Amino acid sequence: MEPLSPPPPVRKIAVDRDPFVATPPASGNGAVATPPNPLQTTRTRHALADVRERMRLESVWLAYGEKWVVRDVSLPVRRGEVLALIGASGSGKTTLLRSLNRLTEVTAGAARAGRITLDGEEIHELEVNDLRRRVSMVFQQPNPFPMSIFDNVAYALAERPAHGRRRRRRTPELEQAAADALRRAGLYDEVGDDLGRPALRLSGGQQQRLCIARALAAEPEVLLLDEPCSALDPISTATIEQLIVGLRESVAVVIVTHNLQQALRVADHVAFMHLGELVEYGTSEQIFERPTMQRTRDYIGGVFG
Amino acid sequence: MAAEQSSGGALAPVGLAVARPRRQSTSSWPLVDRVSYWLCWATGIALCAIALGIVLYMLIKGISYLQPSLFVHSPSPSVRQSEAGGFLDPIVGTFILTVLGIAIAAPAGVAIAAWLSEYARPRALARAVESAIEMIAGVPSVVLAIFGLLVFSQGFLGFLSQRAANGAVYGRSFFGASIVMAVLALPLIVGATREGLAQVPDHMREAAYALGKTRASCIRHVLLPAIRPNIASGVVLGMGRIIGDTAIVTIILGVTLRNEAVGSVPILGTLRGTGSTLTSYVYTNSPAGEGNAPQKAYAAAFVLLMIVLLLNALVTRLTSGEDRPERWRRMAKLSALVRTAWNR
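Sequences listed follow chains A and B, in order.
Just so you know, the first sequence maps onto residues 2 to 306 in this note's numbering.
Just so you know, the second sequence maps onto residues 2 to 345 in this note's numbering.
Chain A with its partners taken away, still in its complex shape (with noise of 0.2 angstroms):
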């Protein structure tokens, strides 16, 4: 990867919390022979009647320190469809999804230029923690806190403005909640009988719902998923694609996987990314079947990744 220069105009993000106002260099990479304009695009297979944009990134780039993780990434997450992220290790797909609930700060030297929007406000002008509430995540490891299962999910609901700052102990309204929420991640049927079980008593699979029902608790906007499945087995896995599907309607999904067959069984659009650059974005058919450029095919293929 050649270096860049000038390198682009950065705002150090756990410095200072100005608003980010920045110009990316316009080229030098010469990656990207036509560069892919994801930002319009059409309706797909799966997608239903009510799509919304909710987030767009307009030119991003991601810096670790020195290192450019991220180049110039432009797309839109869209409630009603499934967006998936693929490209080889190191391709800064993580570090992307990430980056759309501000979760690259807690990493020392994470800085970001260009523009990622949450339903048109720049994400750097909201509080932070409330982003994290409107956007949430689900990691590749399957991380329930050290509590029972109720706990998990009462203490993603509790502190949300409308149930008041304190955590309340087991109020019919908040069991409801978290049995609601347990509900939409599919773990009710299996675990309702008794919540107050430790959640790391679990199975794999069951803890993976239990972070996503955690997640959904909030009632989230976005809803990020790091690799949900790379760490369970077949028959979890294909219970919580089923899940990522049906969540379509309520929330805008954006899914990180190396999983080409899982990309292309629950994400409506796909967007390949390669050294931190956006190669392609297109439908899933488009991406797997009618990829227009030479590395996606490569990847698609098998002959890199």
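Just to be clear, a hint being listed does not mean it is correct.
[As the list claims (entries may be wrong)] For each label pair, taking beta carbons as the anchor points, the in silico distance ranges come out as:
hint, chain 1, residue 1, chain 2, residue 2, range
1, B, Ile61, A, Asp195, 44 to 54 angstroms
2, B, Met205, A, Gly66, 44 to 54 angstroms
3, B, Leu126, A, Glu123, 42 to 52 angstroms
4, A, Glu123, B, Gly156, 53 to 63 angstroms
5, A, Gly66, B, Glu119, 18 to 28 angstroms
6, A, Thr293, B, Glu119, 47 to 57 angstroms
7, A, Ala180, B, Ala199, 46 to 56 angstroms
8, A, Gly66, B, Tyr120, 17 to 27 angstroms
9, B, Phe157, A, Gly66, 47 to 57 angstroms
10, B, Leu126, A, Gly66, 20 to 30 angstroms
Just so you know, the hints here were simulated from the structure itself, not pulled from any lab data.
These numbers come from a predicted model, not from an experiment.
Glycine is no exception: its CB is placed at the ideal position from the N, C-alpha and C atoms.
Since the structure of chain A is provided, determine the placement of chain B on it from the hints.
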């Protein structure tokens, strides 16, 4: 080891020779290594022997002098052993110091540890706090005690102890001793809590942040509950430290024969007053102290040893077994048991 056992067990096919690794012999080792090896072995055995010796000796000596009446009688000044009373006051003194000291040290220690592990900004301050903790951990308790006496003898802290007629502050009281004891226990609690926090994987914190939780909320609702066993073991270690300390008692508690209350307010008066603990009781009754009643000293030392051993066992129990869910189940069972017993 496990594989060796299973292959040697009933499952091994009949007629099949089971190969077992031979125990490595030291005969091929260089002489220095061989000697060192046996020295290590011998010192280990010697340590066990010493520990066993202490327990057995105290058991025999202690039990033979231990009488139930010792627990319920206050000590009284008498040359005749039969009239010298028991060690009720020292036991109460030990109890007060431990409870009060931990009540101060535990919240402070957990707070310091949480700040050091999760915030630690500015860095320079964090480093200063860290070295301060290390320093306190290394200071002999007698130095802490002298310093404490200096502090609590200041006029404006007179409300913690008692004033003489001329306005001088005596400085020796349960309050003062408890605060110094808290300082003594603090590094242990900070250490155990930090160790626990370091063990919590980062993805747990990220999970909380991803739900829109603040750092403070994450600490309070996720991290601290998760490391409760670590905090508990730090607290128990701190208790052991407080119970076992003598220097602070002799210097800031006054080592009066009985717990002397100041004024007539029941609890506050006792806390402002002087007293003694099991450790100081053992010291004063031993041939080294003025009491010269070794039987009493042995009996009290035995009680002290039992308390400390009990606490050690508690620490082992709290820290061993990383199977958290298993422990939860046990604790849930226990609490359910207590609840039903309570309701009855």
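Lying within 53 to 63 angstroms: is that true of the beta-carbon distance glutamate 123 (chain A) to glycine 156 (chain B)? holds, 59 angstroms
Does the Cβ-Cβ separation between phenylalanine 157 (chain B) and glycine 66 (chain A) fall within 47 to 57 angstroms? At roughly 52 angstroms between Cβ atoms, glycine 66 (chain A) and phenylalanine 157 (chain B) fall inside 47 to 57 angstroms, so the hint holds.
Taking the Cβ atom of threonine 293 (chain A) and the Cβ atom of glutamate 119 (chain B), is their distance within the range 47 to 57 angstroms? holds, 48 angstroms
Given the range 17 to 27 angstroms, decide if the beta-carbon distance of glycine 66 (chain A) to tyrosine 120 (chain B) lies inside it. About 22 angstroms separates the Cβ atoms of glycine 66 (chain A) and tyrosine 120 (chain B), which means 17 to 27 angstroms holds.
Should the hint that glycine 66 (chain A) and glutamate 119 (chain B) are 18 to 28 angstroms apart at their CB atoms be regarded as holding? About 23 angstroms separates the Cβ atoms of glycine 66 (chain A) and glutamate 119 (chain B), which means 18 to 28 angstroms holds.
Could you check the hint for me, namely that leucine 126 (chain B) and glutamate 123 (chain A) are 42 to 52 angstroms apart, CB to CB? violated, 33 angstroms
Hint check for glycine 66 (chain A) and methionine 205 (chain B) - Cβ pair distance inside 44 to 54 angstroms: violated, 25 angstroms
Check the following: the C-beta atoms of leucine 126 (chain B) and glycine 66 (chain A) are separated by a distance inside 20 to 30 angstroms. For leucine 126 (chain B) and glycine 66 (chain A) the Cβ distance comes to about 25 angstroms; the hint holds.
If you check the beta carbons of alanine 180 (chain A) and alanine 199 (chain B), does the distance land in 46 to 56 angstroms? For alanine 199 (chain B) against alanine 180 (chain A), whose Cβ atoms are near 36 angstroms apart, the range 46 to 56 angstroms is violated.
Should the hint that isoleucine 61 (chain B) and aspartate 195 (chain A) are 44 to 54 angstroms apart at their CB atoms be regarded as holding? With Cβ atoms ~52 angstroms apart, the hint holds.
Violated hints, listed in ascending order, are 2, 3, 7; each of the other numbered hints is respected by the structure.
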